[in-house]
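Chemist: Listed below, chain by chain, are the residues.
2 protein chains.
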Amino acid sequence: MLEKNKQIGRQSVKLENPVYIKSSGTVVGKMEGEGPLAEYFDMVCDTDKFGEETWEASESRMQKEAATLALGKAGCTPADMRYVFAGDLLGQNIATSFGLMDFEIPLFGLYGACSTLGEGLSLASMCLGGGYANQVLVVTSSHFASAEKQFRFPVEYANQRPLSATWTVTGSGAYVLSTQKTAVRISGFTTGRIIDYGVRDAQNMGAAMAPAAMDLIKNHLRDFNRKPGDYDRIVTGDLGSVGKEILCKLLSDEGIDITSVHEDCGMKIFDSKSQGTQSGGSGCGCAAVTLGAWYLPKLISGEYKRILFLPTGALLSQVSFNEGENVPGIAHGIVLEHVECQEETA
Amino acid sequence: MLEKNKQIGRQSVKLENPVYIKSSGTVVGKMEGEGPLAEYFDMVCDTDKFGEETWEASESRMQKEAATLALGKAGCTPADMRYVFAGDLLGQNIATSFGLMDFEIPLFGLYGACSTLGEGLSLASMCLGGGYANQVLVVTSSHFASAEKQFRFPVEYANQRPLSATWTVTGSGAYVLSTQKTAVRISGFTTGRIIDYGVRDAQNMGAAMAPAAMDLIKNHLRDFNRKPGDYDRIVTGDLGSVGKEILCKLLSDEGIDITSVHEDCGMKIFDSKSQGTQSGGSGCGCAAVTLGAWYLPKLISGEYKRILFLPTGALLSQVSFNEGENVPGIAHGIVLEHVECQEETA
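Chains as they are written, first to last, in this note's numbering: chain E, 36 to 381; chain C, 36 to 381.
One thing to keep in mind: the hints can contain errors.
It does not matter which identical chain is meant; a pair holds if it fits inside one copy or across any two.
Claimed, not checked - The list that follows gives simulated cross-link-like pairs (lysine-lysine, DSS-like), each with its CA atoms no further than 27 Å apart:
| id | residue 1 | residue 2 |
| --- | --- | --- |
| 1 | K216 | K340 |
| 2 | K284 | K65 |
| 3 | K253 | K284 |
| 4 | K49 | K216 |
| 5 | K41 | K216 |
| 6 | K340 | K108 |
| 7 | K65 | K253 |
| 8 | K84 | K333 |
| 9 | K184 | K108 |
| 10 | K216 | K184 |
| 11 | K49 | K308 |
| 12 | K253 | K184 |
Simulated from the structure, these hints should not be mistaken for laboratory data.
Turn these sequences into a full structure, and let the hints steer you where they fit.
Modeler: Next comes the structure, spelled out in structure tokens:
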């Protein structure tokens, strides 16, 4: 028998059957390997090509390497994973399909724009907490060159970038989740709605996503009856400095002050001044590799007891943008908690 | 407390906590409204435009109408739905994002190519069976004109179509799933892996998907320890006549004969000879509207006691295809069963 997982408020779940993060794998490109988090990634590739011929195949290769690393660190083979929850930014999720095919793991393909890791961790938690699996894999990725080609201009055009632009992270993060106890537990999640504030600038994703992050944080705190100070960090995925300012302002209008605990993966992964990445990093890979490289170790050590981790996504395609549609946003929030080991509690 | 859902074999789940289909909504275009199932759809639009300016907006409008119909028939409002599981074929799921935004339901965006309804029903079943929700919505769609533009050539080019080509269905199907008893139960599911047999012809999706359907059916029967005769029908999504022949041959090589119970939604929805749809219908919408229009009523009435329903997807994008990648396939299988009412058992 299973404990009944608690539906909290309109959008949240408190996981009564524990779900744990067993391992992570983080793979990044050259630029990320020259940034502030350089030493914390599992693998850095100097060329961004990862030995492949096309940008799309390079992104697939990153997913394969990240998944292999996560499996290896967990001491698992692909056959130990009952499901893989995965997605990316490219049309028809091709980075995922061609990256994960060889593992032969039953696949749930996801699309949540840059919020995909949050979506994947939520669904994987549902799956484990509902007794449908004992171990699953969650993978996501983005690649600067394949994303520019998909959404804006091929990098070979050398177009100029405004200050509000974010820099798509070349990176893939993979996570093995398990019902078996580890030092980091997923204790709940809040699922986002699509929020449209009428932003139409494909070079200002931060502004498009900030309202969705605001909505998610506001509803999360209400559903769980918590305040920002109940978290060591509230971590957004890829708002960048432009989006961060909008988020803090929007929340302030709601009477919520997160400034003392808020961090953004897009601002953590690059040194915008020296690296010329404007507003900061973005893409599914941004939150995915920053969680594994920076936040997960701090949760394992107990430096952070509890964080709210919310990757943020901008819902657009080249087609919808060219047809004059807005760029709505979505965010998916996960509560990650440090778990005391027996040695510590004894 | 919840019953523990049973993990069966490598890829399947037997749902111990019942999940039911409460209602469906089916919306189709002109061609589908002239086909053999014409009288069974909830809504037919004569122009395929559904009052919108672009093909993509037309597809979004279909999702909105289908969801509204399903909600209405269930006597529900959007606020009664805890989650929506939805996806489509277009890059970055834009038909879904712009179609479902106004409902303000927490969204899990999916990508499973034309298998998306199977993926959505599986995840929604996990969600309900795990106690994470009491009612959820599952939606998917495809549109002939937006899909041709996305994957092959804009329809205005009037390119010729080979006999192996399928015709993307203009349609959207929406389903309200509930823990509350109805006449149709989802009793289990089998989740597909990516299967690549080396097909490289974007005009022969049936051949690309048949191996995935074979793999799914074989593993499903093994996991559940059943034979084809245990089902009134085994229904594939959109293999068409070309794919159906390949599927039956591949299964025959494995010693499995499904010929007496196999049907394909792509062959049901059009009269290929008189409608010129070559191999048959395809697209997320094909299985989605055929389930609601044709199979669900027969399950409700008890004419069918149990069917295996497996939408099939071809994993490709214009980019992956142009870069010379194969077209792998995936399938997701759902077991649907008639539930006796009290009146009948009394």
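Chemist: The structure should be examined with respect to each hint, and the outcome stated for every one.
Modeler: Hints, verified against the model:
| no. | hint | verdict |
| --- | --- | --- |
| 1 | K216 <-> K340 | within (16 Å within a copy, 42 Å between copies) |
| 2 | K284 <-> K65 | neither (34 Å within a copy, 49 Å between copies) |
| 3 | K253 <-> K284 | within (13 Å within a copy, 56 Å between copies) |
| 4 | K49 <-> K216 | both (17 Å within a copy, 25 Å between copies) |
| 5 | K41 <-> K216 | both (20 Å within a copy, 21 Å between copies) |
| 6 | K340 <-> K108 | within (23 Å within a copy, 46 Å between copies) |
| 7 | K65 <-> K253 | neither (36 Å within a copy, 44 Å between copies) |
| 8 | K84 <-> K333 | neither (31 Å within a copy, 53 Å between copies) |
| 9 | K184 <-> K108 | neither (33 Å within a copy, 43 Å between copies) |
| 10 | K216 <-> K184 | neither (42 Å within a copy, 49 Å between copies) |
| 11 | K49 <-> K308 | neither (40 Å within a copy, 55 Å between copies) |
| 12 | K253 <-> K184 | neither (35 Å within a copy, 40 Å between copies) |
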